[in-house]
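For the record, the sequence lines run as chains B and F. Going by this note's numbering, the first residue of the first sequence is number 4, and it counts up by one from there. Going by this note's numbering, the first residue of the second sequence is number 4, and it counts up by one from there.
What the hints contain is simulated information worked out from the structure, not anything from laboratory work. Fair warning: there could be bad hints in the mix.
Stated by the list, open to error - Have a look at the derived ranges for each label pair, beta carbon to beta carbon:
1) F/ASP143 <-> B/ASN130: 39 to 49 Å
2) B/LYS28 <-> F/GLU92: 24 to 34 Å
3) B/ALA109 <-> F/GLY45: 17 to 27 Å
4) F/GLY45 <-> B/PRO149: 19 to 29 Å
5) B/GLU56 <-> F/GLU128: 18 to 28 Å
6) F/LEU87 <-> B/ASN130: 23 to 33 Å
7) B/ALA132 <-> F/LYS129: 52 to 62 Å
8) B/LYS16 <-> F/LYS16: 32 to 42 Å
9) B/LYS28 <-> F/ARG76: 17 to 27 Å
10) F/ASN30 <-> B/SER107: 22 to 32 Å
11) F/GLU128 <-> B/TYR153: 27 to 37 Å
12) B/PRO149 <-> F/GLU63: 30 to 40 Å
13) F/PRO17 <-> B/ILE24: 37 to 47 Å
14) F/GLU43 <-> B/PRO11: 30 to 40 Å
Unchecked claim - Capping the alpha-carbon separation at 27 Å, the derived lysine-lysine pairs in BS3-like fashion look like this:
15) F/LYS16 <-> B/LYS129
16) B/LYS28 <-> B/LYS79
17) B/LYS16 <-> F/LYS16
18) B/LYS79 <-> F/LYS129
19) F/LYS79 <-> B/LYS28
20) F/LYS28 <-> F/LYS79
21) F/LYS79 <-> B/LYS129
22) F/LYS79 <-> B/LYS79
23) B/LYS28 <-> B/LYS105
24) B/LYS16 <-> B/LYS28
25) B/LYS28 <-> F/LYS129
26) F/LYS105 <-> F/LYS28
27) B/LYS129 <-> F/LYS129
28) B/LYS28 <-> F/LYS105
29) F/LYS105 <-> B/LYS129
30) B/LYS105 <-> F/LYS28
31) F/LYS28 <-> B/LYS16
32) B/LYS79 <-> F/LYS16
33) F/LYS105 <-> B/LYS105
34) B/LYS28 <-> F/LYS28
35) F/LYS16 <-> F/LYS28
36) F/LYS79 <-> F/LYS105
37) B/LYS105 <-> B/LYS79
38) B/LYS105 <-> F/LYS129
Fair warning: this is a prediction, and the values are worked out from it, not measured in the lab. Virtual Cβ for every residue (Gly too), placed ideally from N, Cα, C.
Here is what each chain is made of, one letter per residue.
2 protein chains.
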Amino acid sequence: MNETMPFPAISDKPALESGTILAPKFNRDGLVTAVVTDHEDGTLLMVAHMNDEALALTLESGIAHFFSRSRQRIWKKGETSGNLQTVEEIRVDCDQDAVWLKVSVAGHQAACHTGRKSCFYRRIEKNEAAGRFALVFDDDTPRFNPRDVYETR
Amino acid sequence: MNETMPFPAISDKPALESGTILAPKFNRDGLVTAVVTDHEDGTLLMVAHMNDEALALTLESGIAHFFSRSRQRIWKKGETSGNLQTVEEIRVDCDQDAVWLKVSVAGHQAACHTGRKSCFYRRIEKNEAAGRFALVFDDDTPRFNPRDVYETR
Numbered sequence: 004m005n006e007t008m009p010f011p012a013i014s015d016k017p018a019l020e021s022g023t024i025l026a027p028k029f030n031r032d033g034l035v036t037a038v039v040t041d042h043e044d045g046t047l048l049m050v051a052h053m054n055d056e057a058l059a060l061t062l063e064s065g066i067a068h069f070f071s072r073s074r075q076r077i078w079k080k081g082e083t084s085g086n087l088q089t090v091e092e093i094r095v096d097c098d099q100d101a102v103w104l105k106v107s108v109a110g111h112q113a114a115c116h117t118g119r120k121s122c123f124y125r126r127i128e129k130n131e132a133a134g135r136f137a138l139v140f141d142d143d144t145p146r147f148n149p150r151d152v153y154e155t156r
Numbered sequence: 004m005n006e007t008m009p010f011p012a013i014s015d016k017p018a019l020e021s022g023t024i025l026a027p028k029f030n031r032d033g034l035v036t037a038v039v040t041d042h043e044d045g046t047l048l049m050v051a052h053m054n055d056e057a058l059a060l061t062l063e064s065g066i067a068h069f070f071s072r073s074r075q076r077i078w079k080k081g082e083t084s085g086n087l088q089t090v091e092e093i094r095v096d097c098d099q100d101a102v103w104l105k106v107s108v109a110g111h112q113a114a115c116h117t118g119r120k121s122c123f124y125r126r127i128e129k130n131e132a133a134g135r136f137a138l139v140f141d142d143d144t145p146r147f148n149p150r151d152v153y154e155t156r
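Model the full structure from these sequences, guided by the hints.
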């Protein structure tokens, strides 16, 4: 791996959109969006970000790595909780500023730090009583207790 | 709709993650990430962004609106091509910086400006011959010709 520049840059739009060269279009923070779905049932598990190193590590190892914006460092997803994500397939979008990972989740099969399978455990619904819109929980079964997994460290 | 501030802001993490109040956490550009999947078969169609106005318009109208970063304006998806997206369900993630739209697509049933159903029409694969990684097309059937739809305008 070329440590200084793992991926080429392509500014030509037709080449970026119609070519076979992986040339991720990192934003001004050096990140692309990563969308993670369950390889088995297609559930949207989480949305995260990758810098060039995280994407290269993911491609090389087959295990999802992201870039934590809050901690400003590489984040091997599931390293603490055991919920590692094995990448079954990875795709890129037309303008190469987003990747789609289809994964199998180890451990508790949970992708959310709240212990739930998916981070998207709340629907947005019209509710005049509670203001204009309210959130409705409909996958509210944590698969692990975050306090057991994270807070003793 | 309150034009100046359609959504409340919540900085308390437990309230943001465990509450029933929609309080999107817009980034420094005033955007959240919007992930759009096909309501019927779950395909990831596209990733885009919403400012507060786009999210409010989407929620009020039931038709997906985004914020175009390149054009810096509200973008009613499909307005030109006819591929409007009707929102069947909308969800928010744990920290409320991403929303998930499950949509039905009108017109050509295409979400990508290249004419394809999905923007994610290329897999990333290991390919030592073509450098380390190469892109492989596997949904390469445009449903409309972008030149007919966009370039005569």
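Violated hints, by number in ascending order, as checked against the structure: 17, 22, 27, 31
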